[in-house]
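Chemist: Sequential numbering from 0 applies to the first sequence in numbering that gives the first Met the number 0.
The set of hints was computed from the structure by calculation and includes no laboratory data.
Taking lysine to aspartate or glutamate pairs in the EDC-like style, the calculated list, with each CA pair at most 20 Å apart, reads: (1) 506 to 460; (2) 361 to 346; (3) 207 to 263; (4) 201 to 277.
Pairwise CB distance ranges (calculated): (5) 502 to 46: 35 to 45 Å; (6) 248 to 417: 50 to 60 Å; (7) 280 to 216: 24 to 34 Å; (8) 235 to 355: 33 to 43 Å; (9) 353 to 36: 47 to 57 Å; (10) 12 to 636: 44 to 54 Å; (11) 216 to 436: 31 to 41 Å.
The beta-carbon is built from N, C-alpha and C at its ideal position, and this holds for glycine as well.
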Amino acid sequence: MGIESQIKASVVKAVQELYGETIAAESVQLQITRKDMKGDFTVVVFPLLRMSKKNPVQTGQELGEYIKKDLSSVAEFEVIKGFLNLSLSHSHWLTLLNNVATDEQYGFKPVTDASPLVMIEYSSPNTNKPLHLGHIRNNLLGFSLSRVVQANGNKVVKTNIVNDRGIHICKSMLAWQKWGEGQTPESTGKKGDHLVGDFYVKFDQEYKKEIAALIPGHKATYASLAQVDDVEATLKQLAEKSKSKEGLNDAEADQMEDCKKVIDFAKNNAPLIIEAREMLRKWEARDPEVFKLWETMNQWVYNGFDVTYKTMGVDFDKIYYESDTFSVGRDMVLGGLEKGAFYRRDDQSVWADLSTNGLDEKLLLRSDGTSVYMTQDIGTAKLRFDDYPINKMVYVVGNEQNYHFQVLSIVLDRLGFEWGKDLVHFSYGMVELPEGKMKSREGTVVDADDLMEEMVNTSREMSKELGKLDGYSEEEAEQVYRIIALGALKYFILKVDPRKNMTFNPKESIDFNGNTGPFIQYTYARVQSLIRKAADKGIEVPASVNAQVEMNEKEVQLMRMLANFPNVIAEAGSVYSPAIIANFIYDLAKEFNQFYHECPIVFEEDQAKRAMRLLLCQNVGKVIKQGMWTLGIDVPNRM
RNA sequence: GGUUCCGUAGCUCAGCUGGAUAGAGCAAUAGCCUUCUAAGCUAUGGGUCGUGGGUUCGAAUCCCGCCGGAAUCACCA
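The whole structure should be built from the sequences, with the hints applied where relevant.
Modeler: Have a look at this one:
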């Protein structure tokens, strides 16, 4: 039994014996003592006054005396206001340190054959353009989450559903056919995903021109727009105004409607979009030429993605492609239709009526029988369920899709998937620039490859300036630059509560000092350096230490933090938040650096003390490494 | 308009199952390398926790109203 449960049990006994009342152990309010107070654990006595019928200080005093007698680990106590602060004996902490030292996987729960299987879907890119900062957050969160879940004793399957079909990729394909002049990644020296992305942009530019060209002719149909020159600008103005307090008058509202109609018409009748749709139809009909082009360009993109994933350090156990799953989804929906879970409208489209769940109706199959986003997710779910004995499914997808997953959960449940009802949508916030959302149109999208390359460059410059890696070979040094660069980026993203939107300022590069990945990595390297220094002097880190060694406050504080690490891992697992671990390791590293500055370690003359400090250092290093592992961040031995 | 989420130092973020004097980093200022890595450490300044009520012995934390911001409500994905 851990010390926390022991204290709670002791409080329960005390209340029983002193006041004759029975309380539940879970109701005991036990917390870690504030840093500026003396003590390790604090019992909040306010809730117990009802039992004791005495004032807070007196109650705390009585409880303290009881607990001190009851538990040998409790050395002393102090009552301040309504708080009973308990101090544990040094031998308690030293015993704990010895236990930490013998546990290679300290803080992690073992994964066994009997462990539940959790499937985690993340990344899930479209194949029409390269990955950007938003994808980076998704990938880092997904990968880290898979490790956090694993550290909590679950089997994990990391999966990726690649959105490889649809109108978006047809746009890139069409633009390549028209303006590509046979360019390939090889002929241009460009990464495949970037090349395909360039044609997606090209399509968009040409498409915009066509829309603009169509508007004037169609505008004449609407009397309300006779005085309007620029329909798009007018719509924008009206839309802004409708959101403002002023609102729109009737004439303006009509005008806005007509603007929308004109623009919709232009969007739907531009020759390029018609051609792209035609291409999609050909693809669905397996037209050989279109299919070949589709395969070729997707392959370019995959080759590009592979490089990005590798640099980022993420991977997958199983990849699904929507081109394989969408028709399965269609069959599932039709099956559900037969069972009466869904209904068909007169125009042949298929819908789910979710009004009993407090939601709207949701389209599952278009009137022409083709599938929509939802249909594909249903099909993917079916294949996954066939492939793996899934106990829990986690989708790492942005919070813009909250509604989608609410619906998906209900629909899967109706289709009989056991885990449908409690699938987890790990809903994370957007990455925003100081000016707001990233917009490809305005060229403000932060490209993943570019960002990582810049980080490595900064890391290289900084390391060279500091001259810390002298004596390393070029390759060894380059490896460390990458570890630090990626550590900075990953920590920057992961330390933020995943549910919240976060701001990234591309003008201010990511820091390497302060509350950052490199700070933590540096602390780890510092520990390794200490151990090397000790070895140079013929001093080994002991396997365990004598529980009678004297300790100072800094040392005790570090041991408290080590003791808390398993709770942090468990907490992060239960609320799906790598950020909790990130913030914990930062605090630990900060605490360690203070200790390092105050206390000699290798140079400590008292042998027993030196041994204890070395063991403490080594295990702080171990916990940092374990924690960083759950974030997917490597730690260097030197930096 | 309905639903959901967010608002903490100049900036980026912790703290939120109610608990003691609200914390870090960055930025600013002043110190610390002839002993273990200065990507470090120490010190100073910086706050009506959006706002107004309520519940409570106790509210940044829970409830309600308001203000401000975001997302979503497609035969798009």
